[in-house]
Amino acid sequence: MIALVLGMLAARRGQAITLVLLSLVATAAAAAGPVYLKAVDRTIVANQLAAATIGEQTLTIGDTVERFQQSQIASAEFEDLAPPALTLPGFALVYSGEYHVMNVAHPNSADRLVFRDGACEHLVVVAGRCLMADDEIVVVERIAERTEVAPGDVATMKFAVYNALALRWEPAGDPVRLTVVGVVRPRDAGEPFWGVHAYFPPGYQDGLGDVAFTTRQTLERMYHEEQSVSVDAYALPGTITAGRIGAVRTDVDGAIKRYANLENQDTIPATDIPDLLDRIEADQRLAGQLVPLAALPVVLLCWLVIFTAVAYGGQASSTEIGLLALRGLRLPTRWWLTTGEIVVAVLVGAPLGYLAGHALVPGAGDVDAGALPYALVAVAGALFAGFAAQRAQLAAPIVDLLRRTVGKTSTRRVVVAEAATVVLAAATAVELRLGGGLLTGSALVVPALMVLATALLAARVVRPVAARLGGFALRRGRVGLALSAWQVARRPGAQRLAVILVMAVGVLGFAAAATDVAAAARTSRAEAEAGATRVLSVQAASRTTLLRGVRAADPVGEWAMAATQIPGGAPNEPPRLAVDAARFAAVAVWKPAYGGLPVTELGPLLHPPAGEPLILRGTGVAIDATLVARPTGQVRLAVYVAPIDGRSLRTRVQLDPPVHDGAGTYSASTQGCAAGCRLVSIEVGGFAARSGARLRLHEVRQLGPDTVVTPDRWQGGKDVRITPGNDGLGIELTSPQSGAYQVYPADGPYPLPVASSRPLTGDAVTGFDRQPVPAVRAAELAVVPGLGRDGVLVDLEYADRVALDTGSVSGAQVWLSPTAPADAAERLAAQGLGVIGEHSPATLAAGFAAQSPAHALRFAILAAGLAVVLGASGLVLVATVDRRTGDNDLRALRAQGLRRRPARRAVRWSYLLVVLLAAVAGPLAAAAAWLVVGDYIPIFTDGGGAAVRPGWPRPAAVVWPWLAAVAVLTATAIAVTRGRRLR
Amino acid sequence: MNGLAVACRRVVHIYRAEAGDVVALAGVDLSISPGEMLALVGPSGSGKSTLVALLAGLMRPSAGRVHVGTYDLGKLSNAELARLRGTEIGVVLQGAARNLLPYANLWRNVWLAQRRAARTAGIRLDDPDRILDLVGLPGRGKARLDQLSPGQRQRAALAVGIAAGPGLLLVDEPTSQLDSAGRDEVLAAIETVNAERGTTVVVVTHDADVGTRLGRAVTMRDGRVGAEGRDGQDFAVVAGDGTIQLPPEVLGEFPPGTLFTVDRADGSVTLLAGDTVGLPRMPDPAPRVPD
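Respectively, the protein sequence lines represent chains B and A.
By this note's numbering, the letter at position 647 of the first sequence is numbered 714, and the numbering carries on one by one without gaps.
By this note's numbering, the letter at position 238 of the second sequence is numbered 239, and the numbering carries on one by one without gaps.
Same shape as in the complex, but just chain B (with noise of 0.2 Å):
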């Protein structure tokens, strides 16, 4: 039997081998996808660990431990403590201790002094040496530029405590002479070793200051008052990998757990190590959802085309089958004889398929066993299409099959099948928009059902259109194009091969369609996220000092803008962005459909005119004030100021002595801010600050000189009810709870402006300081520049000016327009603005084609072009199949006085009508599937989505696509009707 069955393949070589094909490509197909999985995989990890910030590889504990005093872990205790809890396998333990200290050769500067394990293996040491002994000390480069010194020299150095109503640091304790050995620069500033601890910000910050390396002991032995240590578990590379996202999580979690569990500890260790999985893992498991949508429909049509091939082959081979069944052989014998080129050519296709699918796949590595279920099911599908394709012949009747008309009793059946898969097609559709889009389990071949029902539909219609054709060219004279109407309308497998080519056409403009409206979508969010063409990432001491840098450089407001987000925030509370509004016309990328009013409205609803801020700028402040009120209690009454260089943060300052009945006079010293503060508010604060409290402000002066500075207009803030009198500002407190509250100077509209993409809840938005400021929505946005599409964007001048936290800023950016100059980082640098960093939209989306979602798509792309192979393999198989059989119809018409030429193209326009179907209702099918799932096919990582995500494709994008698939198809058709012999 053997014998027979290799000599069946021999005899129809060309059938085996596209059998062969077809099951080398379904194979490919099926084990393409787990193999690509594991790729995308890799790329997903590497990708997010170059993105992910120190926090989210390290898990530090930290404490400060203060000298002399029994803190709840003296430093020792710590020490052995923390690391057996934070042993984690595949990370390094690192321990660190600092303190601020002064040289006290240079008193108006601190730098930190710290030791941190290992320090110099990460080190280049740029002059002298690292450290070998005690009171030896590194500096980085610019502590020696800015105290002068170098290695060998001998630095006197103290330790510095903060005053913060002076702002300035101040020595403590006895001097320590250190010899400097070396001068130093980080190998890797960012690398996961140095932590979470800022050792080398970009610019000089006064209140930070640089960083100085010495001994553990030089550490221990040197006076200080306080100690911040800290232990550090980061990653070490090959620790986080896609096979180990949840060992780690496991390992992260457990150490937590077990730092909890210790005795006398009320630190916890700090990590975003879960943030960064938890990234890995959404994008792994959108890949995991994306990569079969794109593959199921090839395999799918693997199955369909061998499917197709071996009952038209089948067909063809009908008398040979009705023979065997003559003969009395059995019915396994038969089948062996009837299946067995089948099974043999599907073997020998799917191991090359399977290293074929690994092969397709760029960086796939060794051999994946994990692919090979899924191989064997592509397998099993293609074995199972081909054994139900003969199934008609092996259970028709031997007179039918030696006649040669097997097939008519099967065509009720294939109408059944066919009606079935429409109605299935439409069930998974409702289903799908009707669960919401989500495309999970069942809802994942919703697309290659779409596209399949189209198809069937179409081939439907071919056979009646086709006839019409037919009689029409006859009547024209046109007999070539009339015979091969009548082949397309007359032949089953015409038909079939017109669902298989229609299908192959939709996979394509489908994956070309949700491959450009991915595209679109990725640029929109990252211009929208953007926010401008370049966005500069800076290094800046507060607020103040953001904005006046960027003002200084560019003095017009032509190329430059700040900007910075608001941190914190309610649940479920947008984003807040606070820019420099003025500048945000000049600055900002905007489009119509960001919002509906003309850009360069924004700025002036969001900074409209206001009053000046009220500047101090001698040594104290006093406030003259009569409590007409109080329940019981304390009240007693604070000033914040914030110096107007930014330099130093805002303060608050208690005035003194605590409020009594009758007026009184309140005043504090405010040292530092000789050079100028703005008055951020008055505070009214105690236990007997709530309801039912009430005072008037008669006046405030500067001291020193003693101005008075009352201003002319007040604003109070929540729960504050202000009324202007003759005799000062009535300030009542209305609401039941005791605690503090503030009143401002008229220097920013209150409620503050925004512009947002939803209504505001409760009237608010929460502020720098995290308290809710009263808030009105000025504007309505559809897209917030530099946010995306759900935030408020509101002046960062008057959030500032209503802020009472400390000034400080983190992600603080500067926005550039295009005009920006070439210099432009250093204009800012030289305003104390250091860049640390920088994007644009074009890096954004470089960051969102590197998520799963793209990664899906490219493989959808790659799936597609099998399909497009798969379609021309079954092109040539029907064809093949077609020259075996002998044309014999054509060939009696040849010998009845057909001429050769009409009968050529008979032959060529019977497969050319079918492509040009597919040409025809292959865009169609595409489009009915994309108007079922188009709109839910994810395409980021985070759920977010695109400022202004595109319904449809470009044309473009899906032409030539559709061109090329036309072409492949055009060719394969006259190609295979090369050298047919019609005699």
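Derived from the structure by calculation, the hints contain no laboratory data.
Predicted, not measured: the structure shown is a model, and the values here were computed from it.
We put the beta carbon where it would ideally sit given N, CA and C, even for glycine.
Partner residues are not named here, just some residues of chain A that face chain B (Cβ under 8 Å, in silico):
hint	residue
1	L59
2	M60
3	A83
4	G87
5	V92
6	N100
7	P103
8	A105
9	R109
10	L113
11	A114
12	R116
Away from chain A, derived, C-beta distances all over 12 Å, residues of chain B:
hint	residue
13	N114
14	R252
15	D255
16	E293
17	R543
18	P680
19	T693
20	A917
Fit chain A to the known structure of chain B by using the hints.
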């Protein structure tokens, strides 16, 4: 194996077609003795191929009985019919190429045709080479279909038909498209098979000379057995329902509807033509028909 007897009693077969039912066999009565050779002749559409298909168990009669040997084919299951075809009934299809697998040599084709019988107990099979010898193709076991002449192909088809040693051999148009030499070779092979094995042979043919050579020719017309030729003599056959088919040349003189009176005298039966219903009266009387 000895030849099998064949008996058909009032066999009727109707094809269901979209345009309407077609009566292919309208009551066939036929008896064939074991080891007899018989030619089944008649025009196209007379029912010859249908009768052969029924004898091969490929179809079941719409009415009547078909017996091959001791088997009533109408009562056998499909599996039993398949077993019969693999062991006791050999079929040679019209067109030699349709009987052979083109990608296997002759030896393999004969071997394949023996597979069913090889697994049946009590059957001794000849070696395929012996079979090929029998039909006049000695030493051609390794030849393929495309290496044979038309006559050789037909004999190869014959070899496949007799490979399992059947008691009944049904051959459809073995000599069409052969020249006289090829025809003689094929007929000689058939005669050899019959002589050496005693196989009952039924040959469907348009060639009257084949009938003469085989010794008995049964003519079918309009789905019935109309006449027989034996040893050079032609006979009309009385069917089971008493009808007789007049020879075509006689039928030309007495069209359908002609009334006859039957006169029996002196051991012979005379048909006297009367009026033709709706037709002109024929002037000449009907010839005397002997007993």
